[in-house]
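Undergrad: Chains A and B, in that order, give the protein sequences. Numbered continuously in my numbering, the first sequence closes out at residue 305. Numbered continuously in my numbering, the second sequence closes out at residue 261.
Hint data in this document are derived by calculation from the structure and do not stem from the laboratory. Predicted model, so just to flag it, every value in this text is computed and none were measured. Hints may be right or wrong, so weigh each one.
[What the hints assert, rightly or not] As a list, the in silico DSS-like pairs of lysine-lysine whose alpha-carbon atoms are at most 27 Å apart:
(1) B/K4 with B/K249
(2) A/K109 with B/K249
(3) B/K4 with A/K209
(4) B/K249 with A/K55
(5) A/K21 with A/K55
(6) A/K209 with A/K233
(7) B/K249 with B/K167
[Claimed, not checked] Chain A stretches covered by chain B per the calculated footprint, using a threshold of three residues with CB under 8 Å from any CB of chain B:
(8) 44-55
(9) 87-95
(10) 98-112
(11) 169-182
Note that the Cβ used here is the ideal one computed from N, Cα and C, for glycine as well.
Chain residues, written in single-letter form:
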Amino acid sequence: MTAALQILGLFKQFGPLQVLKDFCLEVQSGEVVGLLGPNGCGKSTVLNLVAQVLKADAGQIALMGEPLDQLGSTSRFRVGLCSQDCALYPDLLPAENLDFFARLYGISKFQRQARVEELMNLFGLVPYASTRVGRLSGGWQQRLHLAVSLVHRPELLILDEPTACVDVAARQDLWRLIETLRAGGTAILLTTHQLDEAERLCNRIAIMKGGRIIAQGSVSQLLTKVKGETIVKVKSRDHDVTLARAQSLGWRVSQSAEPLNFLLEHALSLREVVVALDGPEVISVSVQGVSLEDAYLELLGEGAL
Amino acid sequence: MSYKFLSMFLEQSQAVAHRLLLEQWRQGRGLIFWAVFPMAMMVLFGLVYAHNDHMRAGLDAAAAGILVGAALFFSCLGGTVAILAAERERRTLRRLLTTPLHPAAYFVGVVLAQLQLALLQVVSLYAIAGFIGARYHGSVWLGGFVLLLSVFAYVGMGFFLGVRFAKKSEEVVVALSAIGVPLLVLGGTFFPLEIMPTAMQWVAQIDPMLHMNQAFKGVAAYGLGVAELQGELIFLILFCALSMVLGVKSYRHLLFMEQQE
């Protein structure tokens, strides 16, 4: 099957800074792929290159098997970008914003009216039809922002931290909308710093570091890349003593700041951990299975696997 | 140029124009203020001219001067600078970058919006001017053509100034005052060209505002025709072509800067 998006050997440099180095990724139709990584690792650069906001120094991007270079500006009809900034016209009504962007794509008046109505309903914007966008809350603006990205029915949707500035309820609503789009066959590439968001929405997660992908796969596949089963979190009055005791037990330190995190290769019960660490300096101990956050930190700390 | 491209281009231009006018209307009744401004200017000038008998003869030229040198200057040039600053501040420029909007269609869209605004100003200003006693003498079509060229030229200059000197809304007035107003002075809005020093007169010849003023005053106040205004018209037509290129290039430059941020 032809991938909705295929990126091969992408390089991008800003001045002396090499932002992307041999970056490769594929996204299939009906799949959500999450790009995770620390600030400055090149996530937004990848999105901007795919949306043709930027040009790559080397490498190839293909949409549905057709290279972006050959598609030229027509690729803009096939890609929708929802950036971090809520870039809307605050003095216009929601439907007027949608209509304006639909006109830029040359959609006929009849089709435009139907599409605007459809998106107003899908995104629950009808009750705010007569409210200027500038007076909508952040969550509703973000919904409209996403709706605008979909006005031309793109095959590939790019979401740059789509829920970064919205409250919990709006976040849940946006997640449901993204899931609806995925179910409808839209290929989605998203970046986020929220691991619960990635876990909920993404079929696959790609973790970036230093301009390239260091690991990718489903959540369960990423968890297997962590060499351990149990995370022990310890609050201690004396870190040095606790660290020395844990290391003498063969536990690996995965976080040396408060709370101390230790990665154990085998499962241990809370009782066994408490007995092993017993000492007056220990304030509290908790034991949990390895999470995506642990895998993420572990992978970033270890570098390429 | 294919029919599909042309119809898309026109649709995009109209979309931009429609959006700008809607925003103008919603932003503190912008359209009304743009109409009131030349009317207020005309009333004030009219009172001064009526008070001094020896100046009455200049009333017709004053009406034309207010329209080109004040009303269109602020709405078309200042307005264009403000439009670009707002697109930058709201980050909508970046969004436009991801759409198939052609840079020239954006430019033409701004021209279309400013033309409609200019029409509103012409009607309101000449309504007051007529009431005060000023008269329009020449061909309406030729006057309209000169105003069309003037709007085009102002918008092109607005793109150039806006891209280079006004990144934020607060900088719009500064850019307009520092660069636009000196051009107005050189353009003969405040003093006739004849009383300027020779060097200034030479420099003024490359100021499009001089040719806009002379051409429109020529038609509106003195009833001159195409033959008499040939020099001004040729300059303005050439400047419009340059303006379009300048505007589109400036817009492309703006998009490029937006990409680098």
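Undergrad: Now look at each hint and say whether the structure bears it out.
TA: For each hint, the structure was consulted:
1. B/K4 with B/K249: Satisfied, since the Cα-Cα distance of roughly 24 Å is no more than 27 Å.
2. A/K109 with B/K249: Measuring from Cα to Cα gives roughly 31 Å; hence the hint is violated.
3. B/K4 with A/K209: Cα-Cα ~44 Å, so violated.
4. B/K249 with A/K55: 19 Å, holds
5. A/K21 with A/K55: 14 Å, holds
6. A/K209 with A/K233: 26 Å, holds
7. B/K249 with B/K167: 17 Å, holds
8. 44-55: holds (count 5)
9. 87-95: holds (count 6)
10. 98-112: holds (count 6)
11. 169-182: violated (count 0)
The structure shown violates the earlier hints numbered 2, 3, 11.
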